[in-house]
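Q: With chain R fixed as given, assemble chain C onto it according to the hints.
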Amino acid sequence: MKKLLRLPVNRYVDYGLFLVLALFPLSGSLFYTQLIEKYLVFLIFAYSLDILWGYAGLMNLGHAVLFGLGGYVMALSLSARGGIPDFMANGGVTQMPGWLQVLSNPAAAVLAGILLPALLAGLLGRFLFYSRVGGVFFAVITLALAQVFNLFIQSQQTYTGGFNGIGGLPGLSLFGNELTLTQGYYFVFCVVVLAYVFCRCLMGSRFGLVLRGIRENETRLEFLGCDQARFKTAVFAVSGALAGLAGVLYAPVNGMIAPNDVGMEFSTAVIVWLAIGGRGNLTGAAVGAMLVNVLGNALSENFGVFWQLLLGAVIVAVVFFVPDGIVGALIRAARGRKAGKAVESRG
Amino acid sequence: MPFNEVNSMDSFLALLLNGLNSSALILLAALGMVIICGLMNVINLAHGELIMVGAYTAFSVTQVAGLSFAVAVPAAFVVSAAVGAAMELLVIRKLTGRPAETMLATFGISVVLQQVTNLIFGAQSQYVAIPIEGNLSAGRVVIPYYNIFTILFAAAVSAGTVLLLKKTRFGKRVRAITQNRTMAECLGINSARIDTLTFAFGCGLAGMAGALAAPVKSVSPFMGGPYLVSSFMTSVVGGIASFFGTAVGSLLVGESTALLGGVSNDVFASILVFLLIIAVIRFKPEGLFAKERR
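These protein sequence lines are chains R and C, in that order. Residues in the first sequence are numbered from 0 upward in steps of one, following numbering that gives the first Met the number 0. Residues in the second sequence are numbered from 0 upward in steps of one, following numbering that gives the first Met the number 0.
So that you can see chain R by itself, here it is in the shape it has in the complex (with noise of 0.2 Å):
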């Protein structure tokens, strides 16, 4: 109990939230149900961002590309599974390729979804971090990656659908049984406090103390013979997977996957739920991903421009009121309190 109680206050919104999450499906609504599971996705996203750029400092102005290659890795397996794709036919390719006869089979997929994306990660770490690139010029290359991986998705019209994505995908199934939407929806669910609880392990590590040391003072962890390019291209392979994971489920839970989804303006909206929510502490991911999107789902219908507009002011005064977001307000509120109690009984 007293263990319980010593938590910081952020785990009592990490526990509550997943209450809230695991109840959600009892209120019957099978649309908002539906909806959740697709949030569900978003947070193991915001989590894979968050332990690249709340903890190392690295922050991925592309990260939808690592989320778009699990995706669409995915995407063509599911839409594989009953011969040719249409979108491929029509672009006249009358044999199956190889790689994608590799893909239709689901645990290939799921396997390449999740390393495809930490592969590139991890090459394009090698290249940069050993090359001494500072956080700015990370954020930027990324940038241009995004707009890159875009460009080609697009253009690739005969294996991706280009502009319109691949669509009509069949939902969540396990070992050959599809799973109803509540059953996908825990199984999802179940995902996601897997990756949570691994991120909190691997931050909790000595890993991530190096990382945080990283983000606190480069040079001064040089000097203590920590050899920084590696960690960091390693949290960034991590990183990657997790996104990658999130992609792989997100084109079954969607039930579509198009080019938005891949380039910059993906990878500006989670950037956005951290930068709202907070970094550093998982909880601020969630919390920023759940509420952006839920409240976009509810305001976004009527007020489309407005939403958007309301969004980037938000960001802006975020940045000089809550430096490290709501979760971090919160949690800088309560040991404040904590400390003032201290103070007083020993008064």
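You may find that some hints are simply not true.
[To be verified] Covered stretches of chain C, as calculated for chain R (at least 3 residues, CB under 8 Å):
hint, segment
1, 94-101
2, 113-121
3, 227-237
[Claimed, not checked] Some chain R residues flagged as far from chain C (calculated, every beta-carbon gap over 12 Å):
hint, residue
4, 27
5, 100
6, 197
7, 223
8, 331
9, 333
Source of the hints: derived by calculation from the structure; they are not laboratory data. Just so you know, these numbers come straight off a predicted model, no measurement behind them. Beta carbons: idealized from backbone N, C-alpha and C, even for Gly.
A: Frame of chain R, contents of chain C only:
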């Protein structure tokens, strides 16, 4: 472009001239970036949106108000510079020395600028009439007069900017602040005012780039992103604080995109250029023409 049908030498020349034209546009867009990012050390993620503001100013002046394009270019400079000055005074000044926060705030501003433009003009693409009609034809190579104008204009503006920074009192003060802010302040230079002016000047250059690009590219609220990326890339390749490097960088990016685009397609070309730039950064992280730093 059919590469084998016509005389390949002629089409090569045409590609080269096309590349020169896009280099000129990239150079104009990147000049402002060099001043803001290279001299002031501010990462402005709203740079593309300032280009967009310039393009919309040109659109309003020529298509809505019906005035000449000669009015549109200075108007674009003034409007973008005003937006830039407001940004500097209200936001960027207060975030000095916090690059991550500056990036986030300017990103927020870019979203605001996009959406405000979207509210005023709508999301559809607008077109600006080409102000100088006609082509210059030499043999089988045809160059629109407007392209020649763009190239000359970009060269003149770059030369003017370099002169402004090297030869005037204002330029001397800007360089003094870049080298040693505290010392410059001790010598009585009002660094806050110079900062605002420098930032506004960089933004004005971006606006002019937008006005020049408007007649040949489509104008829309979300046009800024690619410009932001290409001007960043250009200044990174050339060496972030070097004008000469930026000029070479823009030639490199513009020409290689055009030439590679001629032999294959545009997407393949931009992927290759991206890889090329990563390779440059890997082996010359300070850029090709980095200034010696003491």
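Q: All the hints need checking, so say for each whether the structure fits it.
A: Comparing the hints with the structure gives:
1. 94-101: This one holds; 4 residues, not fewer than the three required, reach chain R with a Cβ under 8 Å.
2. 113-121: holds (count 5)
3. 227-237: holds (count 5)
4. 27: holds (36 Å)
5. 100: holds (26 Å)
6. 197: Given a closest Cβ separation of 26 Å, the condition holds.
7. 223: About 23 Å separates residue 223(R) from the closest Cβ of chain C, which puts it past 12 Å; holds.
8. 331: holds (16 Å)
9. 333: holds (23 Å)
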